[in-house]
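Undergrad: Residues per chain, in single letters:
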Amino acid sequence: MDSWRTVKVLQREKICNMYRIVFLNDKMASIKHKNAKRIEGLDKNVWVAFTSVAADPSIVNLGQGYPDIPPPSYVKEGLAQAAMVDRLNQYTRGFGHPTLVKALSKVYGKVYDRQLDPFKEILITVGGYGSLFSTMQALVEEGDEVIIIEPFFDCYVPMVKMAGGKPVLIPLRLVGYSADWVLDQKELASKFNSKTKAIIINTPNNPIGKIFSRSELQAIADLCIKHDTLCFSDEVYEWLVYKGHEHVKIATLPGMWDRTITIGSAGKTFSVTGWKLGWSIGPDHLIKHLQTVMQNSLYTCPTPLQEAVGQGLLREFELMGKPDCYFTSLALELEGKRDRMAAMLRQTGMTPVVPEGGYFMIVDVTALNQDLSHMGDDEPYDYKFVKWMIKEKVFCFQFEKYIRLCFIKQESTLDAAEAILKSWNKG
Amino acid sequence: DCSAYLKLCNKNGHYKYILQRILSSSVSSHWPCPKRKYSYKNKECCLEEEVEFTQLAADYKAVNLGQGFPDFSPPSFVQEAFCKALNGGFSMHQYTRAFGHPNLVKILAKFFSRIVGREIDPMEDILVSVGAYQALFCTFQALIDEGDEVIIVEPFFDCYQPMVMMAGGTAVYVPLKPVCCGPVLSSADWVLSPEELASKFSPRTKAIVINTPNNPLGKVYQREELQMIADLCIKHDVICISDEVYEWLTYDGTKHVKIASLPGMWERTVTIGSAGKTFSATGWKVGWAMGSGHILKHLKTVHQNSVYHCATAAQEAVAVGFQREYDVFGTEESYFHQLPIHLHEKRLRLADCLKSVGLKPILPQGGYFMIADISNLNVDLTDPSTKDEPYDYRFVKWLIKEKGLATIPVSAFYSPEHRNEFQKYIRFCFVKEDTTLQAAEDILRQWSDSK
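Chains as they are written, first to last, in UniProt numbering: chain P, 1 to 427; chain C, 1 to 451.
Among the hints, erroneous ones may be present.
A short, non-exhaustive set of chain C residues, derived as facing chain P with CB atoms under 8 Å [as the list claims (entries may be wrong)]: (1) PHE82; (2) CYS83; (3) GLN134.
Computed cross-link-like contacts, DSBU-like style, restricted to lysine-lysine with a CA-CA straight-line distance of at most 30 Å [what the hints assert, rightly or not]: (4) LYS84(C) x LYS102(P); (5) LYS34(P) x LYS258(C); (6) LYS120(P) x LYS401(C); (7) LYS34(P) x LYS297(C).
These are calculated hints, taken from the structure and not from any lab test.
For glycine and all other residues, C-beta sits at the position ideal for the given N, C-alpha and C.
Given only the sequences and the hints, what does the whole structure look like? Please build it.
TA: Spelled out as structure tokens, the structure:
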């Protein structure tokens, strides 16, 4: 134990009649230097735990969801140009740089087929992550229940908790020969009650890659309307949709615009995750609360980056629907990588779940029957599997009997992964 | 819409007041109720004012000395670093380390270790944030609980109060006041009363927020003043949140002192810094919080659950900027040496012009801003649209409409309790191009000639 030099007893408040003990050690560990209650238990983060491992350059990183392919050159050039303009190196409008919000209202006006007010119905945030945070802080209160569909992007639960809400989980389950991941409708309906403030959906989904169909979204919408709840729709992978599938925005279903916040991401749209720009789109009576959070947390996002994304979107707007459009060409490129990865995994004896959208693929590893008893026996199988894979030089993420692989990687990365996987076959 | 105060008794027998505002939404009456922290928003928030007055200034095509950012470019070495970063390989456009890009935290640790006089751990003792604003947000969210008191020194940068409120805390104000005797010509003449300050500390005090150099006053706290605050922090076991975004901008040989460098203070201080103010690139939104790891870890938890990462290329560019400044620190080549010299003159020029029309400027020891006493001026403020507003608000609007010069009213930087005592000052930003300041001078000269 560290040296306890002195024990000092302090009487805190007469009314409460509580005693606080202040231990003096080298670091003056004080009761008052403890964390605020809102972040109790939220310090653990799986990414932080594993990324230091993944930083090893000899490891093929298929774990974290970011591209190692370059962004489109005109987007980088747009940023270089923006940085040369004096005014664009200073603060811009807090709720979103005018060039960017106007470009978004044009692009999404077309997608939603409605007039979007760039100043009242759009908020620019620090990535899709920042959008989620603004949404939760603005609209979720102490005691509210928020329905979250499993498997889910890991930040949903801690964000709901930090806002004082209670996460209510419902799993997607594998049914039938077609191996569809679906919600059980009765089970879903049973999760809604008078305390339900919102349901979070993510389509295309991370990690499974499921795209919710129109009828699935309609079923969710019906429940939202029946129980008068909000819907937070995380659609950061909205452009990454593969052949035979269609991305549907729940906000476009009847009765849903007024109760939905839709989240988008420049990082995922233009393969620039390091730019950390995202947006929330919704009716002004909801967006204004997100704007209040923004005003009291960050105030404004970086200007030159917003200008560049705005210019990029204006360019894509002209090309929408054509093969030249980055939204289309990226999806086509990724479909090829998706198919390649699925083939690689099948050859190793694993069963990939081929995604309908997004850039992740989950793989059932039970067929590998990997003996992990030498990895220690106090952790779940999937944690041990990931660690084993890291030792075998491939980094990925996991849940239950599945691992998650990211395929928005250049061909040389996929080549390296293939070589490693082939070597397991021999082993 | 309707509003109602509900008095609730929580399980400890303490009363909690909740303001509930039920929106007149056509969709529902049971939601969405914004949290009480946002419902009670101080309507006279300065940034809102800045937004409101900016619009007015634009409408009247006024020369804008209201907004607090430079109208000149960042130094070329930092702009070049940014361009180099974004041409520097795919990793510059993808996520970097969540708590701060390694190159940046390492150089910040190196740079500030030298200044603070202790070994700062880049990974444990530093958090990079989206501007100093987000660093402040993380600090309050991480450390302030319901019922905690936070002492705020007035006049204050307006975001402190809503951030304290958002964290469920109670703001307790203590004003800097001009000394009662002698001419009050410098920000150094505005001081805290030691007795009054000491009286604000209670068993519920969690933190005190200081800002040095100060916005809007420009005061740079002297070592003795900081020692007085430090003594109280140690005595009452309170955390010090020290907003030092203008740390490189001090004039007339005034030295900026870091309260974290005083004995017993490193363990209990969070120091906030800004690349935007350091390198005249406010639009990059790169800032940081620095302090002992046992406190910083809580800020990291907030950060990882709110924004998680900051933009990579901007961080890389700031890192290159700091490395360059580390190498030339203390020499004439240093931007931290050149910028204050550059601004020193602008400050004096503006002060002279203000005096010529009967305004009484308080010469700032540091920062971007100068306040001026308007009480001697007799102008016709009978504009009916501003009838019920504080005197300085009305004056600022008159100045925009009648003279085409935009500023900010200083009472916006005060708490509701003390606002009425400080209605006779307006704030000017002098970190502007010579042409802007010249235009302002022309307006003031014309005004003076017409008297």
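Undergrad: Have a go at the GLN134(C) hint: is there a Cβ in chain P nearer than 8 Å to its own Cβ?
TA: holds (5 Å)
Undergrad: So if I understand the rule, the pair passes when the alpha-carbon distance is 30 Å or less; does LYS84(C) with LYS102(P) pass?
TA: holds (29 Å)
Undergrad: LYS120(P) and LYS401(C): Cα distance at most 30 Å?
TA: holds (28 Å)
Undergrad: Holds or violated: is there a CB of chain P closer than 8 Å to the CB of CYS83(C)?
TA: holds (5 Å)
Undergrad: Quick one, are LYS34(P) and LYS297(C) close enough, alpha carbons at most 30 Å?
TA: Holds. LYS34(P) to LYS297(C) sits at ~10 Å (cutoff 30 Å).
Undergrad: Please check whether PHE82(C) passes as an interface residue: C-beta within 8 Å of a C-beta belonging to chain P.
TA: For PHE82(C), the interface hint holds, since the closest Cβ of chain P sits about 5 Å away, which is under 8 Å.
Undergrad: What's the verdict on LYS34(P) and LYS258(C), does the C-alpha distance respect the 30 Å limit or exceed it?
TA: holds (23 Å)
The structure agrees with every numbered hint stated previously.
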